[in-house]
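Keeping the supplied structure of chain A fixed, place chain B with the ligands upon it in accordance with the hints.
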Amino acid sequence: MAEMAASGEEPEILFWVGCAGAFDDRYKRVTRAFVQILEHVGVKYAVLGTEESCTGDPAKRAGNEFLFQMQAITNIEVMNAYNVKKIVTACPHCFNTIKNEYPDLGGNYKVIHHSTFLQQLINEGKVHVKGGEAFQGRRITYHDSCYLGRANNIYEAPREVLAALDADLVEMKRSRANGLCCGAGGAQMFKEPEPGRKDINIERTEEALATLGTAGNSVIATACPFCMVMMNDGVKNKDQEENVQVFDIAELVAQAEGLSK
Amino acid sequence: MIGIENIIFLVVAAVGIGLFVWQIRKIRKNVLMGRDTVLADNPSERLSKVLLVAFGQQKMFKRMLPAVLHLFVYVGFLVINIEVIEILIDGVFGTHRILGFAGVLYSGLMFINEILAALVIVACAVFLWRRNVTKVPRLANGVEMRAWPKLDANIILVVEIVLMLALFVFNISDLKLAQLRGTHIAGAYPISSLFVNALGSDPETLYMAGRIGWWFHILGILAFMNYLPSSKHFHIIMAFPNVYYSKLLPKGKFTTNPAITHEIKAMLDPSYQPPAPEVDAEGNMVIQRFGAKDVEDLAWKQLMDAYTCTECGRCTSVCPANITGKLLSPRKIVMDTRDRMEEKGEHPAIFAPNHYKELGVERVHVTEENTLLRGYITPEELWACTTCNACVESCPVNIDQLSTIMDLRRYLVLEESAAPASLNAMFTNIENNGAPWAFSPADRFNWAEELYMPSKN
Ligand code: SF4
Ligand code: SF4
Chain A
1 MAEMAASGEE
11 PEILFWVGCA
21 GAFDDRYKRV
31 TRAFVQILEH
41 VGVKYAVLGT
51 EESCTGDPAK
61 RAGNEFLFQM
71 QAITNIEVMN
81 AYNVKKIVTA
91 CPHCFNTIKN
101 EYPDLGGNYK
111 VIHHSTFLQQ
121 LINEGKVHVK
131 GGEAFQGRRI
141 TYHDSCYLGR
151 ANNIYEAPRE
161 VLAALDADLV
171 EMKRSRANGL
181 CCGAGGAQMF
191 KEPEPGRKDI
201 NIERTEEALA
211 TLGTAGNSVI
221 ATACPFCMVM
231 MNDGVKNKDQ
241 EENVQVFDIA
251 ELVAQAEGLS
261 K
Chain B
1001 MIGIENIIFL
1011 VVAAVGIGLF
1021 VWQIRKIRKN
1031 VLMGRDTVLA
1041 DNPSERLSKV
1051 LLVAFGQQKM
1061 FKRMLPAVLH
1071 LFVYVGFLVI
1081 NIEVIEILID
1091 GVFGTHRILG
1101 FAGVLYSGLM
1111 FINEILAALV
1121 IVACAVFLWR
1131 RNVTKVPRLA
1141 NGVEMRAWPK
1151 LDANIILVVE
1161 IVLMLALFVF
1171 NISDLKLAQL
1181 RGTHIAGAYP
1191 ISSLFVNALG
1201 SDPETLYMAG
1211 RIGWWFHILG
1221 ILAFMNYLPS
1231 SKHFHIIMAF
1241 PNVYYSKLLP
1251 KGKFTTNPAI
1261 THEIKAMLDP
1271 SYQPPAPEVD
1281 AEGNMVIQRF
1291 GAKDVEDLAW
1301 KQLMDAYTCT
1311 ECGRCTSVCP
1321 ANITGKLLSP
1331 RKIVMDTRDR
1341 MEEKGEHPAI
1351 FAPNHYKELG
1361 VERVHVTEEN
1371 TLLRGYITPE
1381 ELWACTTCNA
1391 CVESCPVNID
1401 QLSTIMDLRR
1411 YLVLEESAAP
1421 ASLNAMFTNI
1431 ENNGAPWAFS
1441 PADRFNWAEE
1451 LYMPSKN
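Sequence order for the protein chains is A and B.
The first sequence begins at 1 in the working numbering and counts up one residue at a time.
The second sequence begins at 1001 in the working numbering and counts up one residue at a time.
Next comes chain B alone, as it looks inside the complex:
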């Protein structure tokens, strides 16, 4: 029974999926602007992290209410996708509820589906409330929370509600039609059967409502898929690879730069042979930049972080610098990285509304320089960080905000010698006295004399 509707469907689906693949390739390209790092050790530990943190939502549960609501939306999304498979098959082959043969299993699936769909609606409504009415501070405040991030969040919540409603319209019309015809349809529909008369009893209208519900659903999904790469909701895909590639080492271990090690070893021991300098494809020496000034100086994982950020602000809300009113906001660092990457990358997604650099008074005064450092992130923000790792700990999708902050700091110090004066004084003290304070190394043992003095007297 393949008709014109099915052919239209096929074309639409192919365009939708093609567009999505095209966008993903652009994002991949953007991420690969970053430095190479190998992060593939310990696959079993990485997989178990993915299970716990990404599938298991482990870190979400630091805050109960949003965690439970988010769980509804997340499980709803996963389960309802099973029905999407059916919708796709039905769409292509002109069948109707093709999986209905599964009997009890199908009934169970439909039953759970409807319950979850209802919970998703409830959760999204509460989320809208929290964002727009009670204005949870971490969602509402912050320089980085400009018009687009706020609109983006609201769009997705409303769309999700509408999609769920479409699902119900589709089910209700099916149910009512079956009732009118005196037939039985496969599946159990606890919610729709409550509203079975909501759409009247004109078969023509019901049929149309069913088709509209069906088309709406599938078009909605295709549109949603293509909207994702421009939105923070891209995290529903990126969370998985991002958690897989997250840091397994202790949070306190910062990266070591081997180029510097070679340099120092050669300085201390003239007979030391550093390895041959890296060359690029044309045989030119690759000039090492110490630290990061722009996105291509960051590692690809740090750029992937930027595409994974859900803009939830959990990091910023636990950041001691931010809590006490300093300019630093770890979420802003991550969002800036994404904005800059999409500005610089030759291949932005379909539309690139992420840039929050809007007209108006900026609280963070960036320069005209066209780089991540200074053009987006100011030294003042960077110097406020205590490297406490609270942001890293709090992030539900294992983003390492601190590593980016550190790389930018390193650039300030190693390439520009632009540390605050007091830090330069500290450096000098370490160089000259082996301590960050201006004490003589000869006095290092004085505490012991003071200790034994009383017994000697």
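Next up, chain A with everything else stripped away, as it sits in the complex:
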């Protein structure tokens, strides 16, 4: 971003990478896949790089309103200085916070989740996921992120992206508005779960595995870094890594488009 600003250019969109996108080893692959798509379609985009800081979502959900506002106000100052107008992010938590909670603090942007963005690219024909053999006949089930779905009513965009792949899309019993949380939201990601019968991600993974059946080579599709971690842990816990892989929808699109393996 700084470079573009220095050369007097303004990007069309700011890609908000998010902490997981920047630091989580598994999730960095999603960041790269999404950037490859952005490059592929030739959108003029920028990232804040080291000037980006946590949106404050985990602090806010954990009850630390003070720290949240510190983060938010600082981020807003940076983005307003660059005259940012449109933001795309792959993280539903960043998406929700910037879209819904930043305006109260002076940050008004058009915020788009990458699932909506990808859906638009497919609709506009800029990305042609069809025709590849990669997903033919593979079973895919989509796990709804609470912060995309119930929190912001985005249920169809990620499904339409998946439907564009030639895959066999199956729904879990608890899906869309009735979807079950992966167990990571509300800052649960950063602490041990409270004592109970089992962990939430195990319950959800069991449901996903039951839906996918035993065919193997099937996919749990996610659209959130936290969901990805939780489902991955669940699959490992159940020793199903051979049969089931967890992918973000951006990775699936990049694969179908031949941008990455």
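Calculated directly from the structure, the hints in this document are not laboratory data.
Yeah, the Cβ is synthetic: ideal placement off N, Cα and C, and Gly gets one too.
Don't take every hint at face value.
[Said to hold, decoys possible] What the simulated footprint calls covered on chain A by chain B, stretch by stretch (three residues with Cβ under 8 Å from a Cβ of chain B suffice, anywhere in the stretch; the number is not a length):
id : stretch
1  : 52-66
2  : 111-120
3  : 168-181
4  : 205-214
5  : 248-258
[As the list claims (entries may be wrong)] Every beta carbon over 10 Å from chain A, so not counted as near; a handful from chain B, in silico:
id : residue
6  : Trp-1022
7  : Arg-1046
8  : Val-1075
9  : Val-1079
10 : Arg-1146
11 : Ala-1223
12 : Phe-1254
13 : Leu-1268
14 : Leu-1414
Same frame as chain A, but now just chain B with the ligands:
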């Protein structure tokens, strides 16, 4: 023909209605213990929500069987109330079936009434069955489902059946009397005419049965009305205002505290002028409490939520924390709020049996502290919430359980710094590194190098 019976009726009705108004005022006062919030924007959107969710029962239909049965009871209640108007007029003026002049319209009304009354009986019987025999888990289980909530539900179901039966007794005796006298009475009675001989054919008895049925009905209604404020069945009234004032914003948007915003802005920019602090009537500064420790720290809408809860447990049954055996139950949060409010409010309803804090082993170990937080709701419950909004989505009367959970959490963190250690570590990481993990902000861009590395090689 106003006689002694009518005068007695008038007195009874006046006492019944007066008592009800008195109770409502106490409840209003309790709700107003809460913080002020203005929730009156967008009246048209709010009204359409009331039409859909409250009148239209939209969210009930997430579960078909109870939705259909509930619809019988609900429509029955609405339609039969039209007849209650007639009963009232008859009661005051000593008339008999005063609306009978409406002819076909009246016949239609009576016809529908009887069909609905029969359906109400069926529905209530099934509900009793589900609660007591098949024991639907969300209705039978949970620490918050102590003796009173269970008894309350059963009382109302039995009473409803009895009231409907009284209606039939009243109609049957009228029908039979007319038959004996060879006269005709206005209206159509598909069910009662099947049982027209059930009460024998002694005119004296029939007349008495009719009067008893009539009195029973009207006394029943007055009693029911005054029972409501102590019961979960208060939802039949509260559902409407509660849906009207429900959240129109995206569920993911949590409230922002402007006092904190001013503080931070003043910190970042010394020239920033925060607005003058709030003062109360005596000119003393109002001390802001961050988050909620007790009921008066919650907004009035959150307290209204507590009076609206039907204790149906739909929220708890979809709560991921509860499903996996954690202590958290969103229904308990709402019921606790009501219990605490009625304990604290100086004006409880006629009787206050709601308190489920009974003797015996408590699964949730609360402290002796006399506040909502800790005295009713433990931090362990609060920390189990994933803020997933499943409870909010599921609630048929638009209660926002999550907002209460969040306000209590905020109190733990902002006033007591009592977050679990790992969350405190996360806070420190965000403060120092701008990320919840202990990574250096300088490494934030490393993913890009890794991306372009292969092409550079
Ligand atoms: S928001 Fe919290 S209380 Fe509500 S269903 Fe989700 S985890 Fe349970
Ligand atoms: S809060 Fe809503 S869903 Fe939960 S028990 Fe009460 S009425 Fe039912």
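The hints, checked one at a time:
1. 52-66: holds (count 13)
2. 111-120: Contact hint for the stretch 111-120 of chain A vs chain B: violated, 0 residues under 8 Å.
3. 168-181: Holds: 5 residues of the stretch 168-181 of chain A have a Cβ under 8 Å from chain B.
4. 205-214: violated (count 0)
5. 248-258: Coverage by chain B is violated for the stretch 248-258 of chain A (0 residues, Cβ < 8 Å).
6. Trp-1022: At about 39 Å from chain A, B/Trp-1022 clears the 10 Å cut-off, so the statement holds.
7. Arg-1046: holds (18 Å)
8. Val-1075: Consistent with the label, B/Val-1075 stays out of reach of chain A, its closest Cβ about 26 Å off (over 10 Å).
9. Val-1079: holds (31 Å)
10. Arg-1146: holds (22 Å)
11. Ala-1223: Non-interface label on B/Ala-1223 holds, nearest chain A Cβ at 39 Å vs cutoff 10 Å.
12. Phe-1254: Given that some Cβ of chain A is not farther than 10 Å from that of B/Phe-1254, nearest at about 6 Å, it is violated.
13. Leu-1268: violated (7 Å)
14. Leu-1414: violated (6 Å)
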